[in-house]
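Novice: Protein chains in written order, with the working numbering: chain E, 3 to 142; chain A, 3 to 142; chain L, 3 to 142; chain X, 3 to 142.
Do not rely on the hints blindly, as some may be mistaken.
As the list claims (entries may be wrong) - Listed next, the in silico PhoX-like pairs over lysine-lysine satisfying Cα-Cα at most 20 Å (straight line): (1) X:Lys71 - X:Lys137; (2) X:Lys71 - A:Lys67; (3) E:Lys67 - L:Lys139; (4) L:Lys67 - E:Lys71.
What the hints assert, rightly or not - What follows is a set of in silico ranges between Cβ atoms, one per label pair, in the way DEER data are often shown: (5) X:Glu135 - A:Arg87: 25 to 33 Å; (6) X:Ser103 - L:Ile126: 32 to 40 Å; (7) X:Glu124 - A:Asp69: 17 to 25 Å; (8) X:Ile7 - L:Glu122: 22 to 30 Å; (9) L:Ile126 - X:Asp69: 47 to 55 Å; (10) E:Lys71 - L:Asp13: 31 to 39 Å; (11) L:Asp13 - A:Arg87: 26 to 34 Å; (12) E:Glu135 - L:Asp79: 17 to 25 Å.
No wet-lab data here; the hints were simulated from the structure.
Cβ coordinates follow ideal geometry from the N, Cα and C atoms, glycine included.
Number of protein chains: 4
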Amino acid sequence: MNEKILTDRYDINVRFGETDAMGVVWHGNYLKFFEDGRESFGRSYGLKYLWIFENGFYTPIVSIKCDYKKPLYYGEDAYVITRYRDCEAAKIQFEYEIRRSSDDVILAIGESLQVFITHEHELILTSPQFFLEWKKKYLE
Amino acid sequence: MNEKILTDRYDINVRFGETDAMGVVWHGNYLKFFEDGRESFGRSYGLKYLWIFENGFYTPIVSIKCDYKKPLYYGEDAYVITRYRDCEAAKIQFEYEIRRSSDDVILAIGESLQVFITHEHELILTSPQFFLEWKKKYLE
Amino acid sequence: MNEKILTDRYDINVRFGETDAMGVVWHGNYLKFFEDGRESFGRSYGLKYLWIFENGFYTPIVSIKCDYKKPLYYGEDAYVITRYRDCEAAKIQFEYEIRRSSDDVILAIGESLQVFITHEHELILTSPQFFLEWKKKYLE
Amino acid sequence: MNEKILTDRYDINVRFGETDAMGVVWHGNYLKFFEDGRESFGRSYGLKYLWIFENGFYTPIVSIKCDYKKPLYYGEDAYVITRYRDCEAAKIQFEYEIRRSSDDVILAIGESLQVFITHEHELILTSPQFFLEWKKKYLE
Numbered sequence: 003m004n005e006k007i008l009t010d011r012y013d014i015n016v017r018f019g020e021t022d023a024m025g026v027v028w029h030g031n032y033l034k035f036f037e038d039g040r041e042s043f044g045r046s047y048g049l050k051y052l053w054i055f056e057n058g059f060y061t062p063i064v065s066i067k068c069d070y071k072k073p074l075y076y077g078e079d080a081y082v083i084t085r086y087r088d089c090e091a092a093k094i095q096f097e098y099e100i101r102r103s104s105d106d107v108i109l110a111i112g113e114s115l116q117v118f119i120t121h122e123h124e125l126i127l128t129s130p131q132f133f134l135e136w137k138k139k140y141l142e
Numbered sequence: 003m004n005e006k007i008l009t010d011r012y013d014i015n016v017r018f019g020e021t022d023a024m025g026v027v028w029h030g031n032y033l034k035f036f037e038d039g040r041e042s043f044g045r046s047y048g049l050k051y052l053w054i055f056e057n058g059f060y061t062p063i064v065s066i067k068c069d070y071k072k073p074l075y076y077g078e079d080a081y082v083i084t085r086y087r088d089c090e091a092a093k094i095q096f097e098y099e100i101r102r103s104s105d106d107v108i109l110a111i112g113e114s115l116q117v118f119i120t121h122e123h124e125l126i127l128t129s130p131q132f133f134l135e136w137k138k139k140y141l142e
Numbered sequence: 003m004n005e006k007i008l009t010d011r012y013d014i015n016v017r018f019g020e021t022d023a024m025g026v027v028w029h030g031n032y033l034k035f036f037e038d039g040r041e042s043f044g045r046s047y048g049l050k051y052l053w054i055f056e057n058g059f060y061t062p063i064v065s066i067k068c069d070y071k072k073p074l075y076y077g078e079d080a081y082v083i084t085r086y087r088d089c090e091a092a093k094i095q096f097e098y099e100i101r102r103s104s105d106d107v108i109l110a111i112g113e114s115l116q117v118f119i120t121h122e123h124e125l126i127l128t129s130p131q132f133f134l135e136w137k138k139k140y141l142e
Numbered sequence: 003m004n005e006k007i008l009t010d011r012y013d014i015n016v017r018f019g020e021t022d023a024m025g026v027v028w029h030g031n032y033l034k035f036f037e038d039g040r041e042s043f044g045r046s047y048g049l050k051y052l053w054i055f056e057n058g059f060y061t062p063i064v065s066i067k068c069d070y071k072k073p074l075y076y077g078e079d080a081y082v083i084t085r086y087r088d089c090e091a092a093k094i095q096f097e098y099e100i101r102r103s104s105d106d107v108i109l110a111i112g113e114s115l116q117v118f119i120t121h122e123h124e125l126i127l128t129s130p131q132f133f134l135e136w137k138k139k140y141l142e
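Looking at chain E on its own, in the form it has when it is part of the complex:
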């Protein structure tokens, strides 16, 4: 288990169409913000979806969780903190915090788990070589 902590911050673009009739961002849209976070993390640390794809894999989400602490109103700015959580298995784990920009208050926290599958949708149980190299480069 590695000690280095890889963290990314991304300013979310909250769309009017993402609010609901309660006047706040619809809860399901937070999964888009997590995705924004993952993609921004990927750009920051060289772990982009397209690069994973070119290496022969998809990394679908197999588990996701979100705890909502405070609502996000339209017009408020927010950002997502994405933290990579290392593990031995052939998995990619992220933790997320959605925070209000004006005062850094946490609005939601979440986590996701991804696995590696081939382009033929076959599950891979040992970490692919390119991923081990990525870990070596960024975590050691």
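Following the hints, position chains A, L and X against chain E.
Specialist: Frame of chain E, contents of chains A, L and X only:
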């Protein structure tokens, strides 16, 4: 130009998450209702996406239009009327009406235009054989 | 803790626009299917959002979880099983199963937790009277 | 009719979940990009939704149009150009271009029309004072 009119009716499932902070269905979501209408039409008249795909084609939308007459509130039921509009070109045209179920009042009208492209994303300028046969079967 | 089990089944309308570039339904859209399930449950057992609203409350989601077992491809039919899980607190808990219609295989399981807030967005710590009466009617 | 041209450019955040099973951005999501464009325009020229709201109005979309020229693939960057088109009526008209960032090629063009309604959803037929003042400030 053919005289037969092919029309389908589909009861929309309006989701809470599709409303916005104005308390009504967000305007962009009507394009999902049009898609519901196209798919229901496809099931009714044997023109499903997957069948088109199996015949070697995609039929992407190249133009779409929507005029909004009255808002659709959460909790109201609505349906979409989808009407096929025949033309000589290698195109699929549909007209749509979104109507409130309780009183049949028109909430929105729209239209879409689709073309045929191969799986390699190449545009087809003459109607594919399977589509001509479909027309023969349903319009003549 | 009550013994009666309230369960609802709802056939999901999977939209083409809900798939992603992996050719399967985008994981975030399962939260819409859970919402479909909750709303269908509400219609089946008299616990509709609008009725809750008329009683003076919103019931926002404060926690959600989804485990993805198998992908859902465009063109496949699926349904959601929604199960109410009773608890003492002023909360509404649901469990969900997304199943493929053709063979009833489980594609995803999930759960959600909702709380009661007033229209002024104030959290309520004891179950509102109308909710206690609903429980009495349906669970005892 | 005014001669000044107000234009805004906004870099779109294309999400993976916004692609569809054809491997390109689902056509309906372009309306989100138009909304991104309108909101960015609003920030650039002092015409934000919340300011309009504080002045007593909503400005719902009553008509929208989009012509799709080329697909937008996941991983490609794009931006939206939003152009205000002045008119005498109590309406807000915008034209949009979605362009690929790498070569500025136009992927889609569109337009939208908005009207003014009160918070009670009553249509306003003459331009509200605050809007006339906005026009005076920015267009003359």
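Novice: All hints are to be evaluated individually against the structure, with a verdict given for each.
Specialist: Right, here's what the structure says about each hint:
{"no.": "1", "hint": "X:Lys71 - X:Lys137", "verdict": "violated, 32 Å"}
{"no.": "2", "hint": "X:Lys71 - A:Lys67", "verdict": "holds, 15 Å"}
{"no.": "3", "hint": "E:Lys67 - L:Lys139", "verdict": "violated, 32 Å"}
{"no.": "4", "hint": "L:Lys67 - E:Lys71", "verdict": "holds, 15 Å"}
{"no.": "5", "hint": "X:Glu135 - A:Arg87: 25 to 33 Å", "verdict": "violated, 45 Å"}
{"no.": "6", "hint": "X:Ser103 - L:Ile126: 32 to 40 Å", "verdict": "violated, 48 Å"}
{"no.": "7", "hint": "X:Glu124 - A:Asp69: 17 to 25 Å", "verdict": "holds, 20 Å"}
{"no.": "8", "hint": "X:Ile7 - L:Glu122: 22 to 30 Å", "verdict": "violated, 44 Å"}
{"no.": "9", "hint": "L:Ile126 - X:Asp69: 47 to 55 Å", "verdict": "holds, 50 Å"}
{"no.": "10", "hint": "E:Lys71 - L:Asp13: 31 to 39 Å", "verdict": "holds, 34 Å"}
{"no.": "11", "hint": "L:Asp13 - A:Arg87: 26 to 34 Å", "verdict": "holds, 30 Å"}
{"no.": "12", "hint": "E:Glu135 - L:Asp79: 17 to 25 Å", "verdict": "violated, 42 Å"}
When each numbered hint is compared with the structure, violations occur for hints 1, 3, 5, 6, 8 and 12.
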